[in-house]
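Engineer: Residue numbers (the numbering used here), protein chains in the order written: chain A, 5 to 156; chain B, 317 to 382.
A hint or two may mislead.
[As the list claims (entries may be wrong)] Subject to a maximum C-alpha distance of 27 Å in a straight line, what follows is the list of computed BS3-like cross-link-like pairs (lysine-lysine):
hint, chain 1, residue 1, chain 2, residue 2
1, B, 347, A, 77
2, A, 91, B, 375
3, A, 118, B, 346
4, A, 115, B, 375
5, A, 115, B, 347
[Stated by the list, open to error] Part of the chain B face toward chain A, derived, beta carbon under 7 Å:
hint, residue
6, 339
7, 340
8, 341
9, 343
10, 349
11, 359
12, 361
13, 366
14, 369
15, 370
16, 373
17, 375
Hints are computed from structural coordinates only; laboratory data are not their basis. Cβ coordinates follow ideal geometry from the N, Cα and C atoms, glycine included.
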Amino acid sequence: MKKLRNMIGALVCAVSLLVVPIGCSGCKSPARNAYVASGVTHVGVVAGLKGWNEYLGTTDTRLVALEKTDPDKARVERARIAEQNAKLATAYKQYQAAQLTVLTAAEEFSKTPKDDPNSPASADRLTAAITASSATLASVLHLLNEFGIKTN
Amino acid sequence: MQAALIVGLIELLIKEAPAAIAGIRALLAKKDPTAEDFAAARAQIAKDTFEDLVPNSDKFPVPPAA
């Protein structure tokens, strides 16, 4: 789990560095930045979930052994981890939906000419989508980090 | 000091997830994503379901409410 926590910590910082330029009003191509940041974020989240999957596998092996000696304790722990997993699944699905919205908003923004009257509204939609997406990403990362700490 | 921290974090990320870095490099190479790029990105995110990424989830089903 230490490896997972270290990776998550590094991911949070790396993604934070990328989010800042999107909000920079003087930066070129916010749509391109949003596209890249979305992709980088997703690579990191996928890596985090694969780490979680690995943890579930090793924990299952341990609990199968524990069930032979202390079935009640094993059942309680398995239920606790199942609840954690369910929370993470919900958070990830919300993150997925938010990322799709970011990409759609970014594509729309990239197609809108700067002198188009709809350009400010398009930029606002992209900004709002990124803000919402950041919140869902934070939820996923918070849960992964929280579960990593508790199980050490 | 901050620069050293950032470099250290990136080194850790590179060490822990080399495959992830390969994907990131491909993204950074994009100058202006096209409609096809956006569509492909959306398709990839939609394809990566929780169940596919965490197949060991089935070992931890949520117990039915008592």
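Engineer: What are the numbers of the hints that this structure violates, sorted from low to high?
Structural biologist: 1, 4, 8, 11
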